[in-house]
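Novice: Sequence:
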Amino acid sequence: MEDPVNEGQAAEATFKGYGKYFDLSATDFVKRIIRSFIPVRPLLGYDEEEDNHKPDLYAPVWIPTTLILSLSVGRSLFLFFQSMVQGSEFQSPGLDFRTLWLSAVIIYSYCIVIPVSLFVFKLCASVDVPFFATLCVYGYSMAPVVAGALVCITPIRIVQISAMGVSFFLSTIFLFYNIWRDQTVTSRSLAYFVKLFTGIVHIGLGVVLTFLFFL
1 MEDPVNEGQA AEATFKGYGK YFDLSATDFV KRIIRSFIPV RPLLGYDEEE DNHKPDLYAP
61 VWIPTTLILS LSVGRSLFLF FQSMVQGSEF QSPGLDFRTL WLSAVIIYSY CIVIPVSLFV
121 FKLCASVDVP FFATLCVYGY SMAPVVAGAL VCITPIRIVQ ISAMGVSFFL STIFLFYNIW
181 RDQTVTSRSL AYFVKLFTGI VHIGLGVVLT FLFFL
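Per the working numbering, the sequence shown starts with residue 1, numbered consecutively.
There could be a bad hint or two in this list.
Claimed, not checked - List of simulated lysine-lysine pairs, DSS-like, C-alpha gap at most 27 Å:
1) K54 <-> K122
2) K31 <-> K54
3) K195 <-> K54
4) K20 <-> K31
5) K195 <-> K31
6) K20 <-> K54
7) K195 <-> K122
8) K122 <-> K20
Treat the hints as calculated values from the structure; they're not laboratory data.
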């Protein structure tokens, strides 16, 4: 029978181990959000400060969740405003649980499966890339898409296509700039292959979301 004291110590160690990924100030969180919209400087390690090299798990948890709600509510408002413009009968905008479920499956699957796939790939390639750093980058890459989804409540197709196009363009540039950033020097060919792969998949996600929810 295991010692309860040892079990408690193990649980505490596990909590502290994951707790460090939530040790992020509001200022640093805002800075990282801004860097996802303006991808001209690296997400981690800016200003050469040691603390800013650490990935966080706020982004992988809260930004995709915010995007899921934005897509669901945004589509409901889009249909509401569209019916008003067309003069047809309309219902009061509400939460569409089918849209909510669909967006949750797509976004959560994407933000988990792709980082896990890259983690498995880096093990096969014997490349040192921290998993939580990749997960963090993918979380922040969804921030511009949240803004694009909110703009898409406008019942004008060209505005919707432009909003999603610009948001995914910024998001893809952000991914390309930050994914396997340190490996661009040590394993250049492999790193650029991964960047190209993630960019193509990310653009594909943008096309899917645009057609499913707003076209």
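Novice: For which of the previously enumerated hints does the structure constitute a violation, in increasing order of number?
Specialist: Going through the list in order, the structure violates no hint and respects every one.
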